[in-house]
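Number of protein chains: 2
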Amino acid sequence: MTKKIVLTGDRTSGPLHLGHYVGSLANRLKLQDDYQQFIMLADMQALTDHASEPDRIVKSILEVALDYLAVGIDPKKSTIFIQSLIPALSELTMYYLNLITWNRLKHNPTVKAEIVQKGFGENVPAGFMIYPISQAADITAFKANIVPVGDDQLPMIEQTVEIVRKFNRTYNTSVLIEPEAMIPAIARLPGIDGQAKMSKTLNNAIYLSDPADIVAKKVKGMYTDPNHLRVEDPGKVEGNPVFTYLDVFYPDKKKLQELKEHYQRGGLGDSIVKKELLEALQAFLDPVRKKREELKKDLKEVMKILKEGSDKANAFAENTLKEVKQAMHLDIMHRLF
Amino acid sequence: MTKKIVLTGDRTSGPLHLGHYVGSLANRLKLQDDYQQFIMLADMQALTDHASEPDRIVKSILEVALDYLAVGIDPKKSTIFIQSLIPALSELTMYYLNLITWNRLKHNPTVKAEIVQKGFGENVPAGFMIYPISQAADITAFKANIVPVGDDQLPMIEQTVEIVRKFNRTYNTSVLIEPEAMIPAIARLPGIDGQAKMSKTLNNAIYLSDPADIVAKKVKGMYTDPNHLRVEDPGKVEGNPVFTYLDVFYPDKKKLQELKEHYQRGGLGDSIVKKELLEALQAFLDPVRKKREELKKDLKEVMKILKEGSDKANAFAENTLKEVKQAMHLDIMHRLF
Numbered sequence: 581m582t583k584k585i586v587l588t589g590d591r592t593s594g595p596l597h598l599g600h601y602v603g604s605l606a607n608r609l610k611l612q613d614d615y616q617q618f619i620m621l622a623d624m625q626a627l628t629d630h631a632s633e634p635d636r637i638v639k640s641i642l643e644v645a646l647d648y649l650a651v652g653i654d655p656k657k658s659t660i661f662i663q664s665l666i667p668a669l670s671e672l673t674m675y676y677l678n679l680i681t682w683n684r685l686k687h688n689p690t691v692k693a694e695i696v697q698k699g700f701g702e703n704v705p706a707g708f709m710i711y712p713i714s715q716a717a718d719i720t721a722f723k724a725n726i727v728p729v730g731d732d733q734l735p736m737i738e739q740t741v742e743i744v745r746k747f748n749r750t751y752n753t754s755v756l757i758e759p760e761a762m763i764p765a766i767a768r769l770p771g772i773d774g775q776a777k778m779s780k781t782l783n784n785a786i787y788l789s790d791p792a793d794i795v796a797k798k799v800k801g802m803y804t805d806p807n808h809l810r811v812e813d814p815g816k817v818e819g820n821p822v823f824t825y826l827d828v829f830y831p832d833k834k835k836l837q838e839l840k841e842h843y844q845r846g847g848l849g850d851s852i853v854k855k856e857l858l859e860a861l862q863a864f865l866d867p868v869r870k871k872r873e874e875l876k877k878d879l880k881e882v883m884k885i886l887k888e889g890s891d892k893a894n895a896f897a898e899n900t901l902k903e904v905k906q907a908m909h910l911d912i913m914h915r916l917f
Numbered sequence: 581m582t583k584k585i586v587l588t589g590d591r592t593s594g595p596l597h598l599g600h601y602v603g604s605l606a607n608r609l610k611l612q613d614d615y616q617q618f619i620m621l622a623d624m625q626a627l628t629d630h631a632s633e634p635d636r637i638v639k640s641i642l643e644v645a646l647d648y649l650a651v652g653i654d655p656k657k658s659t660i661f662i663q664s665l666i667p668a669l670s671e672l673t674m675y676y677l678n679l680i681t682w683n684r685l686k687h688n689p690t691v692k693a694e695i696v697q698k699g700f701g702e703n704v705p706a707g708f709m710i711y712p713i714s715q716a717a718d719i720t721a722f723k724a725n726i727v728p729v730g731d732d733q734l735p736m737i738e739q740t741v742e743i744v745r746k747f748n749r750t751y752n753t754s755v756l757i758e759p760e761a762m763i764p765a766i767a768r769l770p771g772i773d774g775q776a777k778m779s780k781t782l783n784n785a786i787y788l789s790d791p792a793d794i795v796a797k798k799v800k801g802m803y804t805d806p807n808h809l810r811v812e813d814p815g816k817v818e819g820n821p822v823f824t825y826l827d828v829f830y831p832d833k834k835k836l837q838e839l840k841e842h843y844q845r846g847g848l849g850d851s852i853v854k855k856e857l858l859e860a861l862q863a864f865l866d867p868v869r870k871k872r873e874e875l876k877k878d879l880k881e882v883m884k885i886l887k888e889g890s891d892k893a894n895a896f897a898e899n900t901l902k903e904v905k906q907a908m909h910l911d912i913m914h915r916l917f
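From first to last, the protein sequence lines are chains H and G.
Using my numbering, the first residue of the first sequence is number 581, and each one after it goes up by one.
Using my numbering, the first residue of the second sequence is number 581, and each one after it goes up by one.
For reference, chain H alone in the conformation it holds in the complex:
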């Protein structure tokens, strides 16, 4: 039986952090054995809201690729590719844009929320407004059955399904595949400042590539229970990011339970809990950092992986584009010549 196809990826606007690991990379490590997984380094999508910073976008391509490989994404199992090297994605976007009304784009809930979050006001780049269509091109180009997303991204998958149905109905075909959203169990890690989301913009992230001393400093400065002023005071575990992180990274679940109870009844200082967390984090990050350093010594090999992945992805997407143009009777060379 052929494996189902997964499309996933990241905008290349900076290095990846623990939030990415928990929310998506860990899931990809699981998926790569049972699915045909395409992982997209979304440089073109990153440009939709960073048009004036292409150097940052290009530099991040390599950083994110190193993050992937360092955590264990296996290029023999997963196809890692660069979006801007796949021209078919732009062409598909152009054809899909004719199937969706301007009005519909305006009311995409994810885009609306992001416009507020990014503070665009009236100055939203047109490229940003249409990125749901571009994403539909990405998903359908690879005939993805499954797209792992956070729950805030569900409207994007709905938009893709809508385009698939409209396309297949309009051109009387079944060439495009309806994707399904897959929402990972743990979707989100809070920031070290206690905010709901770890993010570069909020400056509250621990990066997979952070050196050990930086991680130590960040953990030491972490937000905890603000009412846990003296060691002997009872502390809160819920909403305390130190314990949320421990839930994910602490290997000894029994000991973690004891730590929580001790913290709740009082007598356990933040510094002790943070020390436990730091140890657990370093135990996780040490091999990732080590692998990353190794990879950086042989960047040629990393580049070869990206080149081969992009070539493979390009051939796949070109084939879909060919089928799409056939379905539209736009296979002009064949029809006219």
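Heads up, a few of these hints could be off.
The list treats identical chains as interchangeable, and a pair is accepted whether it falls inside one copy or across any two copies.
Unchecked claim - Subject to a maximum C-alpha distance of 25 Å in a straight line, what follows is the list of computed SDA-like cross-link-like pairs (lysine to any residue): (1) K833 <-> G699; (2) K887 <-> K902; (3) K686 <-> G701; (4) K902 <-> D891; (5) K698 <-> T681; (6) K834 <-> R745; (7) K797 <-> E702; (8) K854 <-> R684; (9) K855 <-> N607; (10) K780 <-> S754; (11) K833 <-> L858; (12) K835 <-> R768.
Keep in mind the hints are simulated off the structure, nothing from the lab.
For clarity, every value in this text was computed on a predicted model and none was experimentally measured.
Take the given structure of chain H and dock chain G to it, following the hints.
Positioned in the frame of chain H, the structure of chain G alone reads:
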């Protein structure tokens, strides 16, 4: 000295009519000697408001190409090409979309007028709303210095100039060329019903491919001066489409002046004037029709012209895309590999 570059073309949504000849084809015949002229069969642009009729669009590619060649566009001088065979145009569109705000697109006067004219209401396809950006991609891909347009299309050239400036400024380059609009002397031929514009939608056109008997029927039914009821009545020449057409197609300017004066003082019947017009039109259309019939007997040759033109245009546009990506530091293969 290298020749300046002209980009021009037509949406392939149907055959061309006398209005196209007067408004643009005649101008192209003059330009092709002194300029490097690219003529685009704009099938992708035609799809922006005819997404559900690709067969009509594809069929029209050949019809319009036959019209071009029949009136005397010389493929040795002008490069005739098919838009959907040039992937770089889609890629350039994607990059330019990030440089223009959604708000700016909304307020494009040409697009606003066309939305009303086409009766889109709230259901404007997103592809139609962004077509000024796609047009900027067409113009800049061929580094056009000159773009012949009707005066209603001036905002499209302004939009392109805006994108060129924004791109060159943002990426500190001079790779994109600012185009200039060229407004032909006679921009518009009225319809046979007297409406300001000859158009397929208004069903008031005489096509370059109309057989002789159809042209005769259309001329016979032409709108004239509605107050010129009896032969002996004085008639109006201004706003009388029969005389507007005579101005363009009647070879004997002296005799035309006499006809006008006779018509104005009364005693000259519409049927006589229409007979003069019909003779002049057939004298113009006969060789065009003849050439068209010849070309249709050897469609392989026409297809070869389109293939060679598209190959040449593709190489040109790919080179521009390469320069654009270099300017953006997005020449990833070169930078990373």
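Going down the list of hints, with the structure as the test:
1. K833 <-> G699: neither (41 Å within a copy, 65 Å between copies)
2. K887 <-> K902: Both ways: K887 and K902 sit 22 Å apart in one copy and 18 Å across, limit 25 Å.
3. K686 <-> G701: Both: 13 Å inside a chain and 15 Å across chains, each within 25 Å.
4. K902 <-> D891: both (16 Å within a copy, 18 Å between copies)
5. K698 <-> T681: For K698 and T681, the Cα distance is within 25 Å both inside one copy (24 Å) and across copies (14 Å).
6. K834 <-> R745: neither (50 Å within a copy, 63 Å between copies)
7. K797 <-> E702: Answer is neither: 39 Å inside a copy and 54 Å across each miss the 25 Å cutoff.
8. K854 <-> R684: neither (47 Å within a copy, 51 Å between copies)
9. K855 <-> N607: neither (27 Å within a copy, 79 Å between copies)
10. K780 <-> S754: Neither: 40 Å inside a copy, 33 Å across copies.
11. K833 <-> L858: Result: close within a single copy only, 16 Å intra versus 94 Å inter.
12. K835 <-> R768: Within. Shortest intra-copy distance 24 Å satisfies the 25 Å Cα cut-off; inter-copy 84 Å does not.
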